[in-house]
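J.: All chains, full assembly: derive it from the sequences and hints.
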Amino acid sequence: MSRPRLHTGFDEAAFEALLAYLDNDRERAGEKYETLRYRLIQLLAWRGSWRPEELADESLSRAGRALHSGGVVQSLEAYCGGIARLLVLEDARKLREVPLEERHSSFSVASVTAPDDRRSLAFDDCLAQVAPPNRKLIMEYYGGDGGDKIRNRRRLALDLGIPLNALRIRAYRIRAAIESCIEEKMRAGEDR
Amino acid sequence: MDSRPIPFMIRYLLGELTEAEAATFENEYLSDRRLFDRLSATEAELIDAYIAGELPGDRKARFEEKFLASPGQREKIENARALARKGQRGSSRAMRFVLTGVAAAILIAAVAGYSLVHRAGQKAQPVVRVPVIAAFTLIPGQERGTSKEQTLDIPAAAEIVRLDLQMDRPVSGNLDAVLETAGGRKIQTNSSLPSTGTAVSINVPAAKLPSGVYILTVSAAQTIVEEFSFRVSAPRNR
Numbered sequence: 000m001s002r003p004r005l006h007t008g009f010d011e012a013a014f015e016a017l018l019a020y021l022d023n024d025r026e027r028a029g030e031k032y033e034t035l036r037y038r039l040i041q042l043l044a045w046r047g048s049w050r051p052e053e054l055a056d057e058s059l060s061r062a063g064r065a066l067h068s069g070g071v072v073q074s075l076e077a078y079c080g081g082i083a084r085l086l087v088l089e090d091a092r093k094l095r096e097v098p099l100e101e102r103h104s105s106f107s108v109a110s111v112t113a114p115d116d117r118r119s120l121a122f123d124d125c126l127a128q129v130a131p132p133n134r135k136l137i138m139e140y141y142g143g144d145g146g147d148k149i150r151n152r153r154r155l156a157l158d159l160g161i162p163l164n165a166l167r168i169r170a171y172r173i174r175a176a177i178e179s180c181i182e183e184k185m186r187a188g189e190d191r
Numbered sequence: 000m001d002s003r004p005i006p007f008m009i010r011y012l013l014g015e016l017t018e019a020e021a022a023t024f025e026n027e028y029l030s031d032r033r034l035f036d037r038l039s040a041t042e043a044e045l046i047d048a049y050i051a052g053e054l055p056g057d058r059k060a061r062f063e064e065k066f067l068a069s070p071g072q073r074e075k076i077e078n079a080r081a082l083a084r085k086g087q088r089g090s091s092r093a094m095r096f097v098l099t100g101v102a103a104a105i106l107i108a109a110v111a112g113y114s115l116v117h118r119a120g121q122k123a124q125p126v127v128r129v130p131v132i133a134a135f136t137l138i139p140g141q142e143r144g145t146s147k148e149q150t151l152d153i154p155a156a157a158e159i160v161r162l163d164l165q166m167d168r169p170v171s172g173n174l175d176a177v178l179e180t181a182g183g184r185k186i187q188t189n190s191s192l193p194s195t196g197t198a199v200s201i202n203v204p205a206a207k208l209p210s211g212v213y214i215l216t217v218s219a220a221q222t223i224v225e226e227f228s229f230r231v232s233a234p235r236n237r
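So the sequences go chain by chain: H and E. In terms of numbering that gives the first Met the number 0, the first sequence opens at residue 0 and continues consecutively. In terms of numbering that gives the first Met the number 0, the second sequence opens at residue 0 and continues consecutively.
To be clear, the hints were calculated from the coordinates, so they are not data collected in a lab. Any given hint might turn out to be false.
Said to hold, decoys possible - Here are the simulated DSS-like cross-link-like pairs (lysine-lysine), alpha carbons at most 30 Å apart as the crow flies: (1) E:75 to E:59; (2) H:184 to H:135; (3) H:135 to E:75; (4) E:207 to E:59; (5) E:85 to E:59; (6) E:75 to H:31; (7) E:75 to H:184; (8) H:184 to H:31; (9) E:85 to H:184; (10) E:75 to E:85; (11) E:185 to E:207; (12) E:85 to H:135; (13) E:75 to E:207; (14) H:93 to E:59; (15) E:75 to H:93; (16) E:185 to E:59.
Remember, it's a predicted structure, so these values are computed and weren't measured experimentally.
T.: In structure tokens:
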């Protein structure tokens with residue numbers, strides 16, 4: 000990573016203060032920034048936010064501004080987590096302030112998705128990009144159902160000589176990479 | 000350090016922890032890669048359990064409240080479904096190994112309380128389709144029979160109606176919700192709903208909400224906390 004991305008609404012000075020806090024080495028600071036941002040997005044999604052990326056950026060931006068203005072931040076992660084939780088509450092409060100008739104006209108209907116050919120094709124492409132040993136692992140990890148699946152996983156862990164929990168994490172990381180690839184392809188398709 | 004067991008993480012993901020527990024846990028995983036990865040892996044397996052129809056009723060309802068509410072979470076479900084389809088196709092070609100003993104699919108057991116038995120010869124489960132949800136926000140104190148009464152126009156395609164209840168003041172602890180018709184016929188009861196500040200959500204099958212007036216009473220420890228009334232308009236083509 001050459002330079003971490005400056006997200007919308009982020010003041011340059013605040014961003015620099017944040018990077019300086021994260022690490023003296025700019026490359027490593029960028030990696031730590033992206034890691035924290037990703038975890039904040041997940042936190043916000045798990046808290047039910049409908050715009051987790053925006054709120055994660057806002058959390059980091061506020062933390063950067065605090066650092067830039069000389070504020071004392073003992074744990075950046077806890078500080079950002081606290082801001083993220085506040086932002087979720089702020090969002091909920093704002094929703095309450097929207098006039099009732101507007102809420103009704105803007106209610107959300109999740110138009111979910113019958114079997115999605117595009118996603119399925121994207122999945123196949125992304126799976127093909129995974130290194131063969133990892134592809135084999137993920138297919139075996141998710142192979143079978145019920146008792147078969149459980150036995151497959153136990154056997155896999157034995158074959159690899161790792162505990163089942165370590166296998167779970169390894170499978171998750173491969174899965175997360177595939178999901179990230181799928182989302183990129185889906186977004187690219189929407190942009191066209 | 001496996002300081003947080005999987006059932007705890009499932010409770011977090013389903014919004015069942017207290018606010019203080021959740022905040023403490025969040026501060027931990029924000030700075031602990033291993034814990035964050037374990038939580039993410041648990042989420043992935045929770046989604047798999049949902050897709051496979053392995054979540055018991057109350058947890059399935061909570062899962063839907065939490066996971067079907069945001070586009071990002073729904074995408075995760077769609078991706079998991081694609082993976083499940085691929086895995087099922089792959090496994091039909093794979094050699095099946097039969098090992099003795101109880102395998103350690105901790106999460107599936109923790110989520111579903113299922114006994115882990117060999118289901119030899121069982122066909123692959125059909126992929127469960129995610130239902131279409133219509134979400135509405137209800138605010139308390141709307142007078143019944145007046146112009147202020149909240150009216151829900153539930154679209155014909157909706158299968159589940161999610162009611163986001165905005166409380167006048169923060170409430171803590173578990174809440175109970177009873178949905179009745181204005182005539183007092185009980186439609187649905189939800190127990191031990193986790194509250195997050197001033198917001199509580201429940202899901203109701205759309206088929207249970209024909210046109211009419213409804214009263215939704217929220218209580219904590221058998222004391223009424225809030226009452227919501229709303230009208231469901233006459234269906235257009237539902």
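J.: Against each hint, give a clear statement of whether it holds in the structure.
T.: Consistency of the hints with the structure:
| no. | hint | result |
| --- | --- | --- |
| 1 | E:75 to E:59 | holds, 16 Å |
| 2 | H:184 to H:135 | holds, 22 Å |
| 3 | H:135 to E:75 | holds, 21 Å |
| 4 | E:207 to E:59 | holds, 18 Å |
| 5 | E:85 to E:59 | holds, 24 Å |
| 6 | E:75 to H:31 | holds, 24 Å |
| 7 | E:75 to H:184 | holds, 14 Å |
| 8 | H:184 to H:31 | holds, 25 Å |
| 9 | E:85 to H:184 | holds, 18 Å |
| 10 | E:75 to E:85 | holds, 15 Å |
| 11 | E:185 to E:207 | holds, 11 Å |
| 12 | E:85 to H:135 | holds, 12 Å |
| 13 | E:75 to E:207 | holds, 29 Å |
| 14 | H:93 to E:59 | holds, 29 Å |
| 15 | E:75 to H:93 | holds, 27 Å |
| 16 | E:185 to E:59 | holds, 21 Å |
The earlier numbered hints are all upheld by this structure, with none contradicted.
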